Amino acid sequence: MAVQGIWSGTISFSLVAIPVQLVKAVSPGRVSFRLLHDKDYSPLARRMFCPKQEKMVPPEEIVRGYEIAPDRYLPITDEELESVSPERSRTIEIVGFIDMNEVDPVYYDHPYYLVPLKGGEKPYRLLVEIMHRTNRAGLAKFVLAEREYLVAVKSTDGALALTTLHYHDEILSDEDISPKEGKVEALAVGRMKKSIKTMMADFNPGKYADERREKVMAILKRKAREKGTVEAPAGENVEGEGPPDLIAALEDIMREVEKNR
Amino acid sequence: MSQKVVEIAGRRLSLSNLEKDLYPSHGFTKAHVLEYYRRIAPCILPHLKDRALTLKRYPEGVEKDFFFEKRCPPHHPVWVETAEISRDDGERMTICLVNNLETLIWVENLASLELHVPLARAGSPETPDSMVFDLDPGEQADILDCARVALILRDLLSRLGLECYVKTSGQKGLHVYVPLNWTGTTFADTKTFSKAMAIVMQKNYPDLVTEKMAKEHRKGKVFINWSQNDSSKTMVCVYSLRARERPMVSFPLEWKELERLAGEGDPARLQVTHGEAVSRVEHMGDLFGEVLVKKQRLPHL
Amino acid sequence: MGGTLWKGSIHFGETEVPVKLHAAVKEERIQFHLLHLRDQVKLHQQMICAYEKIPVPTEAQIKGFELEEGKYIIVEATELDQTTPESSRMIDVHEFVKTGQIDPLFLERVYYLEPDLYSAGYNELVAALREMDVEGICTWTMRKRSYLGALQVSGGILRLTTLRHADEVIPVKSLGLEEIPLSEKELKIGSDLIAQLTGPFQPQKFENEHQKKLQALIDKKARGEKIAVLRPRRLKPTTADELLQALEASLKRVA
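Protein chains in written order, with the working numbering: chain A, 1 to 261; chain B, 1 to 301; chain C, 1 to 255.
Source of the hints: derived by calculation from the structure; they are not laboratory data.
Since this is a predicted model, take the numbers as computed values, not measurements.
By construction, the Cβ of each residue, glycine as well, lies at the ideal position given by its N, Cα and C atoms.
A few of these clues could be false.
[Said to hold, decoys possible] Residues from chain A that face chain B, not an exhaustive set, calculated with beta carbons under 10 Å:
id	residue
1	V23
2	V26
3	P28
4	S32
5	R34
6	R46
7	R47
8	N135
9	G228
10	A232
11	G242
12	D252
13	M254
14	R255
[As the list claims (entries may be wrong)] Now the stretches of chain B that chain A is said to cover, found in silico as 3 or more residues with beta-carbon under 8 Å:
id	segment
15	150-158
16	198-206
For reference, chain A alone in the conformation it holds in the complex:
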């Protein structure tokens, strides 16, 4: 089984094409919970449920639908979705380079990394290095699942980081927010600066993550000590003793085994 990324395809700039795959740059933290049934402590499974037939629906019977009128849906297949922008669903084409400092972080959406696939290692390395030297990032558009993204690809610590960006019309204006009165009290500014000076530090995100995890772990430890753990029943309830044929065959064999002992 090959390494599975979120997406694989090509990143291109001008006439250079690099086979790559998209991988996660962020993932959920370590402490995660399961939802359980309060009655038997069995874990809960998320399932799609058909309200008309009152039964669960397996994945192969599910299709995407677009609501064209109240309660009227138009089914759209994966193939149809992919043919909307076929050229962009397999290629991240860098259309230009920019200075990343010009991008207001309000545009940042979700970060990923790109890693080279076999044969792409050298051109990948080159793109990393020249974007690092020139301090530039590439801009591209590409389609993942049912959405088209504007993305910035930049060099970071020897790798390509890809960040999806919000579209311009998704950014809300901050014009109404600035305070009406422009006056600034110099004395108050001075006081704040003094306090800020005493609170200067280097950004150390690990500290906050550890604090958070420790708090949760402390609660879990205390609960484990006070209440212990509960055990979920065997994955699925198997009714009765089993198929009559099998039970009969087993009973027969059992008698023989006994006799020979």
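Since the structure of chain A is provided, determine the placement of chains B and C on it from the hints.
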């Protein structure tokens, strides 16, 4: 603490805390653990291949807390093969596949002493390739009682035309595996079949066997845990170390050896240490190899 | 500007500045539903008990931490809330860092901060942060969740950007990328090429064309017209040997 960089199959791997005593009462360090897994690798790797690994990490040794992790630690090297699986509650999860020596060594560098894997491969999570009987002695019962139950199970299965294989759990019990390797098998099949066998065993050997999970039923008896035949369950992998006081191994036994040891009546003889494990596989190879390839179908379903 | 999402007070030392949070981004996407293939009935998501195979209503759902396979520690939602700082309206600034220190990977979501009515100190805080070129690292609790964030200044206004936690960010070194030697010539031509292709960032030039095409496809299908299925093509990768040649040809093309 020491740090050492090794290169395996062209992958560079930095090993840390090598002299950490992971089994403090036996002076068995992280370096010893890594050495054990390196030597046992040719035998254990086929049994780990393409299966979603559950890590049980003991960074401070077997006497301290462990971390149970199904998720592949996010800081894994890119060459570690992974699979994306959908957990039952819909949450997507990346899991590790220990498909080569470098991954095995990386996992052990995380102090994941015990390696647990499901009875199905990650690519076909609903198709078990074997059926298992997890024999667990209750209070006042021991591994010799498990051996008696295992031998009866073997007779029963063989009269049903099914071959089976046995390994120690590395703790107090035994695991009997019935290879299937047939794509038409479901966990509902293996669960129904194993439960029926457990019930018939309990009826015929009420003083020896129980198929009920509740502790009060298990006293002095062997619990046949048929419910391990489930897609959400894992079994400790054959050749895995166990995180007990001593570095014991879940190790395959030949049936005639089990018969002999059961007759001798010394429960300690049924435990296999790390050193014995390594020397035995050098002579006998992988006694559990057939579990991965032998094709059998469950009758009477 | 969107409506007020939440109100609170920025707090450090003697300073307290009441503010209102506003969303900075509004996403509009074509919304799909999941249908039953057979009868096109819209499906609902339900939580099913793995043991009894029946839907379980919200009030019968509890949270468990899986300590070992199949063994859970039950935790009440109220207990987890205790991990968050006491529910107050405080945005507590713990420390200040020079701007530029936070790796963009940590940035999650931006909120604009509006001075609350009668709010004093807003303009002063903007000035202090700007003149010292710093941002504040803070925590606060909003809708029963605790957040880590950066208090920043942009133009004349304050922003609060939520930050991811360190254990959620995957470091580059875990990708295990190889060092591959490159020639000075390749680097020189590559850098020249980038210089030629560099322009200003003009986000307004990029539209979500796909969204329009998707809407067109939906309309077409709704009218009962046939949809031609187009297959994506893959570009031929540039090999290591062809790299220099491809760069030279690229440079010629743009120069």
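Query raised in the report: Of the hints stated earlier, which fail here?
Result: 8 and 9
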